[in-house]
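J.: Each chain is listed here by its residues.
Protein chains: 6
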Amino acid sequence: MFQDRYFEDYQIGEQRQTMGRTITETDIVIHAGQTGDFYPHHMDREWCKTQDFGQRIAHGTLIFSVAIGMTAGAINQLAFSYGYDRLRFIKPVFINDTIHVRVTISDKREHAKRTDHGVVVEKCEVFNQHDELVLVCEHLLLARRRTPTTSI
Amino acid sequence: MFQDRYFEDYQIGEQRQTMGRTITETDIVIHAGQTGDFYPHHMDREWCKTQDFGQRIAHGTLIFSVAIGMTAGAINQLAFSYGYDRLRFIKPVFINDTIHVRVTISDKREHAKRTDHGVVVEKCEVFNQHDELVLVCEHLLLARRRTPTTSI
Amino acid sequence: MFQDRYFEDYQIGEQRQTMGRTITETDIVIHAGQTGDFYPHHMDREWCKTQDFGQRIAHGTLIFSVAIGMTAGAINQLAFSYGYDRLRFIKPVFINDTIHVRVTISDKREHAKRTDHGVVVEKCEVFNQHDELVLVCEHLLLARRRTPTTSI
Amino acid sequence: MFQDRYFEDYQIGEQRQTMGRTITETDIVIHAGQTGDFYPHHMDREWCKTQDFGQRIAHGTLIFSVAIGMTAGAINQLAFSYGYDRLRFIKPVFINDTIHVRVTISDKREHAKRTDHGVVVEKCEVFNQHDELVLVCEHLLLARRRTPTTSI
Amino acid sequence: MFQDRYFEDYQIGEQRQTMGRTITETDIVIHAGQTGDFYPHHMDREWCKTQDFGQRIAHGTLIFSVAIGMTAGAINQLAFSYGYDRLRFIKPVFINDTIHVRVTISDKREHAKRTDHGVVVEKCEVFNQHDELVLVCEHLLLARRRTPTTSI
Amino acid sequence: MFQDRYFEDYQIGEQRQTMGRTITETDIVIHAGQTGDFYPHHMDREWCKTQDFGQRIAHGTLIFSVAIGMTAGAINQLAFSYGYDRLRFIKPVFINDTIHVRVTISDKREHAKRTDHGVVVEKCEVFNQHDELVLVCEHLLLARRRTPTTSI
Chain P
47 MFQDRYFEDY QIGEQRQTMG RTITETDIVI HAGQTGDFYP HHMDREWCKT
97 QDFGQRIAHG TLIFSVAIGM TAGAINQLAF SYGYDRLRFI KPVFINDTIH
147 VRVTISDKRE HAKRTDHGVV VEKCEVFNQH DELVLVCEHL LLARRRTPTT
197 SI
Chain A
47 MFQDRYFEDY QIGEQRQTMG RTITETDIVI HAGQTGDFYP HHMDREWCKT
97 QDFGQRIAHG TLIFSVAIGM TAGAINQLAF SYGYDRLRFI KPVFINDTIH
147 VRVTISDKRE HAKRTDHGVV VEKCEVFNQH DELVLVCEHL LLARRRTPTT
197 SI
Chain L
47 MFQDRYFEDY QIGEQRQTMG RTITETDIVI HAGQTGDFYP HHMDREWCKT
97 QDFGQRIAHG TLIFSVAIGM TAGAINQLAF SYGYDRLRFI KPVFINDTIH
147 VRVTISDKRE HAKRTDHGVV VEKCEVFNQH DELVLVCEHL LLARRRTPTT
197 SI
Chain H
47 MFQDRYFEDY QIGEQRQTMG RTITETDIVI HAGQTGDFYP HHMDREWCKT
97 QDFGQRIAHG TLIFSVAIGM TAGAINQLAF SYGYDRLRFI KPVFINDTIH
147 VRVTISDKRE HAKRTDHGVV VEKCEVFNQH DELVLVCEHL LLARRRTPTT
197 SI
Chain R
47 MFQDRYFEDY QIGEQRQTMG RTITETDIVI HAGQTGDFYP HHMDREWCKT
97 QDFGQRIAHG TLIFSVAIGM TAGAINQLAF SYGYDRLRFI KPVFINDTIH
147 VRVTISDKRE HAKRTDHGVV VEKCEVFNQH DELVLVCEHL LLARRRTPTT
197 SI
Chain C
47 MFQDRYFEDY QIGEQRQTMG RTITETDIVI HAGQTGDFYP HHMDREWCKT
97 QDFGQRIAHG TLIFSVAIGM TAGAINQLAF SYGYDRLRFI KPVFINDTIH
147 VRVTISDKRE HAKRTDHGVV VEKCEVFNQH DELVLVCEHL LLARRRTPTT
197 SI
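Protein chains in written order, with the numbering used here: chain P, 47 to 198; chain A, 47 to 198; chain L, 47 to 198; chain H, 47 to 198; chain R, 47 to 198; chain C, 47 to 198.
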């Protein structure tokens with residue numbers, strides 16, 4: 047469950063894929079309850095029928111949170127998450143849609159201020175059961191280097 | 047609860063602030079249950095005692111989701127959320143910390159492909175009870191223009 | 047979010063209406079779990095099929111609690127809730143029904159013991175998606191007076 | 047679990063008492079999530095410190111719902127609940143307070159329109175661990191008569 | 047609610063039956079969240095369609111926990127639960143199945159080390175709405191004797 | 047996440063250990079809500095103070111369910127769980143205790159009726175933060191054989 051991995055060990059292009067998970071009405075109700083976002087887009091099926099998408103849609107923060115949770119694997123104590131870039135909601139996720147996530151190491155770069163760590167970028171792509179991309183983001187991981195860089 | 051607002055109506059520098067909310071142990075347990083992220087950083091107080099931060103910390107996705115939920119106000123049917131940029135976890139949030147959010151219109155810009163909408167950027171800053179910044183992100187809102195632009 | 051309002055500022059006949067919210071199976075299961083009321087009327091769809099109403103019905107306390115929560119707007123620090131009168135369950139609410147609430151200031155009266163506060167009565171009417179009244183109650187608000195009364 | 051009881055079987059003065067239940071922070075967070083009432087009185091321990099009561103208080107609808115749930119005993123298929131009168135919040139309930147409920151048959155009366163049913167009034171008194179009354183209400187039960195009345 | 051019962055008071059062959067309870071999608075999502083078991087058997091309806099059982103199935107620990115909870119009746123302070131034997135998952139339970147439990151005193155025996163207590167075995171049989179047995183186990187209750195035995 | 051393993055691949059004596067998880071008040075409240083077991087042992091801190099154990103204790107089914115969830119690793123599609131033997135509650139688990147689980151392959155045996163499968167017994171031992179054994183059980187796994195046995 048713990049697995050040490052240095053900056054140098056990550057390879058651009060590496061890919062892993064999660065199992066699937068069905069987004070249920072329960073998930074939406076619990077997420078509304080956790081966040082306090084009771085917008086009719088998520089909670090009012092009558093109003094939704096009058097809108098373009100025709101039915102309730104999952105909160106963007108729900109899909110993002112669940113998808114990130116799904117990517118959790120072994121714990122690397124040499125790295126930590128410090129943020130996300132370019133999070134985009136591409137398509138709505140409806141009740142009963144089943145999502146899975148593909149994670150790709152898309153970039154490695156120097157950190158502006160730290161010579162002993164580097165930035166690893168994990169591109170997270172979330173797909174529904176029709177293999178349509180519904181959400182995408184870039185996870186920024188700060189990983190310790192085996193050998194400090196001298197280039198910054 | 048519904049309030050129409052065009053791209054032209056947003057003013058750079060506008061600011062609003064939410065009420066506060068205490069992040070409880072319950073929030074963390076429910077978020078773990080929703081996302082499946084049971085990492086010891088959030089769930090194992092004995093292990094946390096052996097780490098630098100000394101106690102359980104809230105999931106980044108929990109603070110992000112709750113903070114975004116807290117900013118939900120009137121519904122503007124002329125705009126929709128299409129993503130977030132530069133989401134950063136600045137400081138850990140511990141059980142019993144109380145957060146609030148300050149939202150500032152930080153930018154307005156043209157959309158690369160749509161002449162009838164513009165992008166409004168809401169900078170969301172999340173503070174704890176010591177007024178320390180714990181999380182920051184930029185919310186991207188696509189808002190309809192009163193008058194289509196001709197410049198793209 | 048905070049908005050001061052004195053007894054004198056409430057007008058009989060004032061009305062506001064909430065957005066809608068669909069009552070889900072999840073709401074019923076969570077309410078049973080919170081209250082410990084697992085009566086077959088709410089939890090056993092086979093038994094319900096043998097009854098007049100033919101399907102599971104929401105707990106009265108669920109509809110009441112959700113409806114009151116839906117009416118929460120700006121916080122008036124000059125008033126506080128001290129109870130409810132004439133709470134009546136008019137019609138059952140089924141899974142997937144969507145409710146909304148209409149609040150009307152129906153009465154203002156003196157308080158028996160306090161000259162510096164008055165009682166504001168908010169009539170709360172809960173409707174389903176067919177605009178049938180399903181629950182009604184009177185919310186009693188004790189609001190500070192701008193000018194103490196001398197009449198009691 | 048099912049126990050038939052006619053209007054005539056209820057005796058004014060009959061009394062029963064529930065076991066106790068501690069109201070936890072979890073109960074408040076779940077109730078906020080179910081109702082959407084995230085008022086700082088319940089959710090913001092920093093703001094509460096600046097108020098008279100000094101700490102977070104349970105929602106009135108939470109105490110009411112839990113207390114009513116606690117009184118659920120055998121199911122009487124000859125009676126049904128049709129409402130509550132004179133619900134009053136007497137004292138705040140704080141996190142870690144332990145409540146129990148005393149139910150007393152306080153009145154029996156004819157129903158204005160039904161000769162085959164009568165109204166049984168159950169007075170529900172909720173106490174905390176200091177035996178202080180925190181909430182009171184009158185539960186209205188419509189119970190079938192063994193013998194229809196002729197008096198209305 | 048409290049009811050004293052000695053070892054001698056339990057009769058082999060005694061039987062009681064619970065009310066029914068429908069196992070909902072919500073129960074499965076909450077159980078996954080509580081236990082961290084997000085296996086696709088419970089959470090991925092697309093994957094389940096490719097399997098023999100064709101749809102999501104409830105966790106074994108969910109059916110066991112709910113069934114045991116359903117058997118909770120009066121509290122006997124002269125006895126306590128010390129375990130279960132021969133817990134078997136006979137048939138899968140699907141979303142919307144309604145279960146009930148039959149409890150039979152199936153055995154009484156001496157405890158290897160205690161002369162003042164005896165072991166009461168409660169056979170718990172869980173059935174679905176088609177009266178098919180889905181789960182069975184033996185609950186071991188250690189009950190105080192009125193008169194200590196001398197036979198061990 | 048999927049990993050095929052035949053009966054022959056399991057070795058008696060093999061051992062794995064889970065990470066830790068703190069059992070919170072929230073876990074107990076959610077488990078009471080899921081199972082309907084609101085016994086004062088779990089829910090009434092005042093009553094618990096008058097008992098030998100002095101404080102609220104976790105439900106046995108909670109610790110069992112969480113512990114089993116914690117042992118979930120790779121999915122072996124050649125095996126399935128068919129029950130548990132000798133589940134024993136050795137010591138109470140209190141709020142804030144942190145548990146972890148040690149799984150040992152303790153036995154392998156023939157199945158009475160199936161020549162193409164064998165029974166693998168996983169002994170699950172649950173420990174608290176003081177390394178005291180709190181719960182033990184034997185998980186029965188029915189695993190496909192590479193080569194059918196001829197001995198039954």
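Be aware that one or more of the hints could be misleading.
Because identical chains cannot be distinguished in the list, a pair is counted as satisfied if it fits within a single copy or across any two copies.
Stated by the list, open to error - In the SDA-like style, the derived pairs of lysine to any residue whose C-alpha atoms are separated by at most 25 angstroms in a straight line are:
no.: 1; residue 1: K95; residue 2: K154
no.: 2; residue 1: K95; residue 2: Y56
no.: 3; residue 1: K154; residue 2: N142
no.: 4; residue 1: K95; residue 2: T195
no.: 5; residue 1: K95; residue 2: P138
no.: 6; residue 1: K159; residue 2: M65
no.: 7; residue 1: K159; residue 2: P138
no.: 8; residue 1: K95; residue 2: I151
no.: 9; residue 1: K159; residue 2: Q61
no.: 10; residue 1: K95; residue 2: Y85
no.: 11; residue 1: K95; residue 2: H157
no.: 12; residue 1: K159; residue 2: R132
no.: 13; residue 1: K95; residue 2: T193
no.: 14; residue 1: K159; residue 2: L179
no.: 15; residue 1: K95; residue 2: Q57
no.: 16; residue 1: K159; residue 2: A118
no.: 17; residue 1: K95; residue 2: P194
no.: 18; residue 1: K95; residue 2: A189
no.: 19; residue 1: K95; residue 2: G59
In short, the hints are calculated from the structure, not lab data.
J.: Hints numbered earlier in the text: which of these fail when held up against the supplied structure?
T.: Hints 1, 2, 3, 4, 6, 8, 9, 11, 13, 15, 16, 17 and 19 not satisfied by this model.
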